[in-house]
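Enquirer: Could you put together the complete structure from these sequences and hints?
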Amino acid sequence: MGEFIISIKELSYSYTNGRQFAFKDLNASIPAHSITSILGRNGAGKTTLLLIILGYLKTVHGTIQYYNPKSTEGQKGEILQIAYLPQVETAPEAMSVYDYLLMGRIPYISPFMQPNKKDTNIVNNYAKIIEIDHLLEYPLGKISGGELQRVRFGRALVQESDLILLDEPITHLDLNAKQTMMRLIKYLKSLGKTIIFTTHDPVEALEIADHALLVSNDHKIKFGKATDILTDKNLSDCFDLPIRILFSGNSFGCIVEKRT
Amino acid sequence: MSIKQKYLITILVFFVLIFIATFAGRYQSASGVLDYKSDPLFKRLVFDIRIPRIILSIIVGAGLAASGLIMQTIFQNSLADPGILGINQAAGFGAALGYILFPTSNLPIRVIAFVSGIFALFLIILISRQINVYRRLSLIFAGIAVSAFFSAGLGLIKYLADPLNQLPSIVFWLLGSLSTTNWQAVAEITPISVACIITLFLLRWRTNAYALNDSILHSMGIKRNLEIYAVLSISVLLTTVIISYTGLIGWVGLIIPNIARLIFGYDLRRSLPSAIIIGAIFVLISDTMARTLVAGEIPLGIITAFFGALIFVILMFAKGNSLQKNG
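The listed protein sequences correspond, in order, to chains A and B.
If you're matching positions, the first sequence starts at 630 in this note's numbering and goes up one per residue.
If you're matching positions, the second sequence starts at 2 in this note's numbering and goes up one per residue.
Derived by calculation from the structure, the hints in this document are not laboratory data.
If you're wondering where the values come from, they're calculated on a predicted model, not measured in any experiment.
It cannot be assumed that every hint is accurate.
Said to hold, decoys possible - Residues on chain B that point at chain A, a partial pick, calculated with CB under 7 Å:
#1 Thr23
#2 Gln77
#3 Asn78
#4 Lys159
#5 Leu203
#6 Gly222
#7 Asn226
#8 Asp268
Glycine residues also receive a C-beta, built at the ideal position from the N, C-alpha and C atoms.
Expert: Right under this line is the structure:
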């Protein structure tokens, strides 16, 4: 696991100019071609952390360095662009799925130019892979929530970034759509991408993530292998509940023990 | 019907209308339409009055529609147009002020109207940055405030203006008209308007994306504030250049983009070129009516407002019906 795509050192972030910290002294090295989940309670700062990694929010202290896994030895190229999927999106309802997906090509096309045949081929190709090619002509406002999530995922895919950040991509979906989305995230990894996603469900993290960043409300962050971090004790501390992870074959379950 | 066929029909209608507008008017050549060269008065009428006016009405319609569509897309609000943002009111205030200060010359009036419109844009950006809410909404809030501010200023100028000499001119200008068009006006308005329209046209695909979340734009490497304000400034420049000459011509920037989207779809790659042509058609028809319907001249702004409101209602009915069918 020699290659790190992101190396975070001594990172602190504050909403209030240093008086109150969202998190403090975070150190993490996220390897290339892996899935990392950011886990924590609502309001713990998961989205904030994701936006800092994106470079959208500026840090107070500490550094984040990005390395391009494709660059050759000794040549640490910076990642040019990172695909990002926010939790809620303001995409226009009247826009067609196809036109929406095509916007993923913006980083590759100069402002005064239009997308060409190559770009439309890329869109059609990915649409087939993630099985949304039957939706292309529909406006965004007329497809279901699960379909919309897959379409938004498709836009990030079309962007062809090495690093993909997903903010709660799975949580709000039905059981079937959840499995589809988890399969798609694993598919991204098989393409050699690095994925970081947020969730507050330990099961999602255990199912697909290689690494986990556990954000507690006391602003301390634990980072490591998912199976090492997402233990009964750590999760119980984080959520302030007696939590147990159950195993059944290859599947996980997460239960909260009733205090009797 | 395919997109290509729709374009073909629209362009065909456009050229037929140019032909009709050229030969429609109260003065009819005694020797007939085809033999117009033998009638020197008719020839002068067509080449010195009607053709510059037709060119200008095409520019006005195309420019106002393009500007309105760009603003509606960026603010994701199909009612947003230079009127909502207060740009029109600011330009109106500037022109009235210019008329009071320089009653005899045209150029300072236009310059002041334009400067006032750009000043309104700066105010909007300045205020909306201080309102720490959702970006698109804060721009609309700022627009409403700026609009009210300049309306008050305009009201004050009208109140203070000389009711015999100055007020009628201000009121007539505010109603909007192309009746004083000549080649000089065409030469003043056309180059900068066409340059703005071409720039917006070239940027049309990328402009779609400005409706997305800031964080997504950031992830795509778009310098969002810089680009959005640049595109907005071009739209404002386009609008103020036009209305500082023509006066307040309402509803074009509001109605035409909605029609274009309804027929040609949401994406600016298709809706922007179609809005430009449909806008030109709309103002060309309106202005031809303005100069031919009655013996005098009906202010253009009145006609665009009348038909604009009519089309708006029809559009709402059509939208309502299609919603019922699909949902």
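Enquirer: Next, verify each hint and record whether it holds.
Expert: Verification of the supplied hints:
Given hint, Thr23 of chain B at the interface with chain A, is violated; its Cβ is 34 Å from that chain's nearest Cβ, farther than 7 Å. The closest approach between the C-beta of Gln77 of chain B and any C-beta of chain A is roughly 6 Å, which is under the 7 Å cut-off, so the hint is satisfied. The interface hint given for Asn78 of chain B is broken, as the beta carbon of that residue sits about 10 Å from the closest beta carbon of chain A, more than 7 Å. For the restraint placing Lys159 of chain B at the interface with chain A, the shortest Cβ-Cβ distance is roughly 39 Å, beyond the 7 Å limit, so the hint is violated.
Taking 7 Å as the C-beta contact cut-off toward chain A, the hint placing Leu203 of chain B at the interface holds, the least distance being around 4 Å. At its closest, the beta carbon of Gly222 of chain B sits 5 Å from a beta carbon of chain A; the interface hint therefore holds under the 7 Å criterion. For Asn226 of chain B, the suggested interface contact is broken, since its CB lies about 13 Å from the closest CB of chain A, more than 7 Å. Given the 7 Å rule on beta carbons, the hint for Asp268 of chain B holds: about 4 Å separates it from the nearest Cβ of chain A.
Hint compliance for this structure: hints 1, 3, 4, 7 are broken, all remaining hints hold.
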